Amino acid sequence: MSVPQSAEFFIDPGRCIGCNACLQACTECDTHKGHAMIQLDYVDRGRSPQTVPVVCMHCDSPTCAEVCPADAIKRMGDGVVQTARKSHCIACNNCVLACPFGVPKMNTGMNLMMKCDMCYDRTSVGKKPMCASVCPSQALLFGTREEVVGLRPGSRILNTFRFGSQTITTKVNMLVPKRAAVEHLDVLSALHEPPVGNDAGEDVLLAGLGPED
Amino acid sequence: MARPAVSESETTEVFGPHLSRSTGPRLDPGVVPDKAVKTHCCFCGQQCGIELLVKDNQVIGFEPWLEFPFNQGKLCPKGVKRYLQGAHPDRLLQAYARDETGRGGFRPLPYEQAISRVAGEIDRIQKEHGPQAFGVLSGASLTTEKAYLMGKFARVCLKTPYIDYNGRLCMVSAAAANKKAFGIDRAANPWSDILTADVVWISGANVAECAPITTDYVWQAREHGARVIVVDPRLTPLARTCDLFLPIKPGRDAALFAGILHLMIEHDWLDHAFIEGHTTGFEEVARAVAEWTPARTAQVTGIAERAIRQAAEWWGPAKTSFLLHARGIEHHSHGVQNCLGAINMVLASGRIGREGCGYATITGQANGQGGREHGQKCDQLPGGRDLANPEHRAHVAKVWGVAPDDLPGPGVDCYEMFRKVEAGEIRGLLSVCFNPVVSLPDNAFVRRMLEKLEFYVAIDFFLSETARFADVVLPGSLQEEDEGIVTSAEGRVIKINKVIDCPGEARQDWRIVQDVARALGRERGFTFTEPAAILAELREASKGGVADYSGITYEKVERQYGVFWPCPSDDHPGTPRLFEPGSSNPVAQGKGPFYFPDGKARFVPAPYTPPTEVVDAEYPLILTTGRVVSHFLSGAQTRRIGPLVDHCPEPFIEVHPKLAATLGLADGDFATAETRRGAITLRASVVKTIRPDTIFIPYHWPGERSANTLTIAAQDPISKIPEYKVCAVRLRKASPPAPPPAEAP
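Chains as they are written, first to last, in our numbering: chain A, -19 to 193; chain B, 2 to 746.
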């Protein structure tokens, strides 16, 4: 079953259950077998089971490529920002430090920056990326806009981020609640927000604490 | 006398657990697979479709199988890395005999010699002490063909009543309740009915970790407006964003269900036409819940009264709904009552047997459903038939070519079998794919009983913690080395395909069992040459029973992406949704949709009773146990897969910060949990996502890290399921324990 050329990548962090399937599946992708290019972290495990998956957002003007002194990082015509070319990468770490999303990782053993290339070997031949194929909660979804509109009536699509004064648009889309009155995602202020979700605080869990019946 | 011959660490050095990782052809993207085989995951009851990639008789990777309708390519981390169980350094490639001079306490034994020795010991024990002195412990990860053969092997070849299986630890409370209320034990609906439910009620099921693929069904229902209610002592990943979270005190589920039904009656949120036309017993149940006022329900369950009222307000008048539950309400000494309470709520609503109106337990094991239908359960014959029913005995005896009177009567559950070892009634055991040293409660007792056996033979593909006690170990098959059907949590019969050949001297389990029968000189009925031949006989044996597989063939299963039983004839497509108006069944004969002679479902009183062990001054906390996403059951497979162990290397104790403060515990400190059975020391995970009166420990590990050292061997009087989910415990800060026997990298 091949997916249409118009398929795009969507992230709905509200659906993420932290199961690790994306990360494990990422290591099975042929372009970087054995290495996971996804990051999956708890927001604050002590307070909540909330987790956030981070893939390369494939920026329209990729900061990683802009700061690369060796011209190792290419953005393809279809908007996919490739991982560093082995022949060019000088392992200077510029991209690692500059990426506002914190995506590129330096593989010191290989002297090479590595990051998600949206499973280029798969998506270029009509397959879904590994992570979005397996994601049990479909927090990571690869499909067409029409499919997403049908599957996620409560969400709308957003791909503009703000980091201080820097505004970034990306090929990868976020799904945000339809009612949310935002036109961009302010990442810096989100860094200081507590986990989102049901209150797991003492008022809920202590409500019925009493002697044994 | 089946005492392990050498120290645990010596055995671990030779037989593992070692960790497998992607290397060689599994890591080289240049390797072109010889073939890709569509089959299913080997782990949980969801049985996700997956394509396994093969090179030189080794599974080297996978590809998502997007067309399989249940999971459409989705997999959890266990499914992604399941291929690493093959070509594993710990794989048993030959038979072994226990021998303290051998490496790791075992010496290799030529296969035929091992079979002769097993047959000789069975024969000796049965001649000296009678046929019932030898018992069989089987597994719910086996294909249905194998499960069927194990039941036949015990009753026809060994002539022993003592066979039971590890499904006893899984879904038997739900099975018993379903039979009492509906007359049939199967998920009432396919999972697709979750998608159109207005309310999804999840009680005691950590869906995100134990049935991850079900998550998308729940979230998808919510996209279209469903309200999701989660009942759990822990704020699970699904509970984080559900519409209503009811943080119940472990062991109080029947009280909550009674309280909800009380409010349904008070507000007349009842389907009177359904209750009158299709059920019996409502009045008695209504009287029984009269005392369960919201205030009393809140007091017993530990849930705020307003939350209970809110849940009833959503559940009561909903147009469509789907209620799911799992081990959280079933692993109790009143597990059957808990399930009956849930079913009463469903029946009163009338929301069953229609699109978007459903009820199901989320079966845990790979073939939890199919493995409990065809005769490896102690009281059961193929087709869901009853071993105590003369007509049922006659039907199966005819298929098996034996006299009905020659079939033994019902045996006892697997835990009771160990009590019979203690009493000297059972002196020898054969086990396949069952690891009770890790998975049964109060497992110090289980170890003592294994040591007491005169002879124990284990069939397995790895040397499990239980197989370490064996006198003879026979090398069985991995799931991908055999073919056959299994039945998923939905009731969908699917086909496991053979992907590779057994390595070394390993054999498909059904061949091993037949070899034992032959060596005993009792091979009549055990000369099958392929799984399809076993299925052909199973179809006959199940014909006319409630679990009727007589119309199921491999070809139909593959063509339809599965066949939901009952499927009573070759031209029958199967039955995805049970209890639809006008649907026929062999019991009601057209009188109604439910599987009783009058076609009506039963309301059965489900009184609340406290757990067997309530907290007291000495043991003031509640211990509950469960799973994590990266491990499966006793961990015999997943503790050998490197990337899964990386994600969750060891068990932990979840402690609420308020409780931690009283003990001076910080996150990551060691703490000792102690019950009347034993004590273990693990790291504390201090999290606000658990009730402050409760601690949680995952149970996938053996020995010093085994949660089942602590659990209580109390069992439900009907289903005999152990009470894993609640017992009394105390907790104290501890210094780091001695390192466990090395699990070499």
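Simulated from the structure, these hints should not be mistaken for laboratory data.
As the structure is a prediction and not an experimental result, all values here were calculated from the model.
Do not rely on the hints blindly, as some may be mistaken.
Restricting the straight-line Cα-Cα distance to at most 27 Å, the calculated cross-link-like pairs of lysine-lysine (DSSO-like) are [what the hints assert, rightly or not]:
hint : chain 1 : residue 1 : chain 2 : residue 2
1    : B       : Lys544    : A       : Lys13
2    : B       : Lys39     : A       : Lys107
3    : B       : Lys181    : B       : Lys544
4    : B       : Lys557    : B       : Lys499
5    : B       : Lys399    : B       : Lys421
6    : A       : Lys158    : A       : Lys85
7    : B       : Lys544    : A       : Lys107
8    : B       : Lys39     : B       : Lys601
9    : A       : Lys66     : A       : Lys151
10   : B       : Lys181    : B       : Lys56
11   : B       : Lys601    : B       : Lys320
12   : A       : Lys151    : A       : Lys107
13   : B       : Lys557    : A       : Lys158
14   : B       : Lys659    : B       : Lys544
15   : A       : Lys13     : B       : Lys734
16   : A       : Lys107    : B       : Lys320
17   : A       : Lys158    : A       : Lys13
18   : B       : Lys181    : B       : Lys592
19   : B       : Lys544    : B       : Lys557
20   : B       : Lys56     : A       : Lys107
21   : A       : Lys54     : A       : Lys158
22   : B       : Lys592    : B       : Lys180
23   : A       : Lys13     : B       : Lys39
24   : B       : Lys128    : B       : Lys180
Just some of the chain B residues that point at chain A, by a computed CB distance under 8 Å [unchecked claim]:
hint : residue
25   : Lys75
26   : Ala209
27   : Cys243
28   : Ile501
29   : Pro737
Covered by chain B, per the in silico footprint, the following chain A stretches (three or more residues, Cβ under 8 Å) [unchecked claim]:
hint : region
30   : 8 to 16
31   : 116 to 122
Each residue gets a CB set at the ideal place from its N, CA and C atoms; glycine is no exception.
Taking the earlier hints as the rules, which of them does this structure contradict? Checked against the structure, the hints that fail are numbers 1, 5, 6, 7, 8, 10, 13, 14, 15, 16, 17, 21, 24, 28 and 29, while the rest are satisfied.
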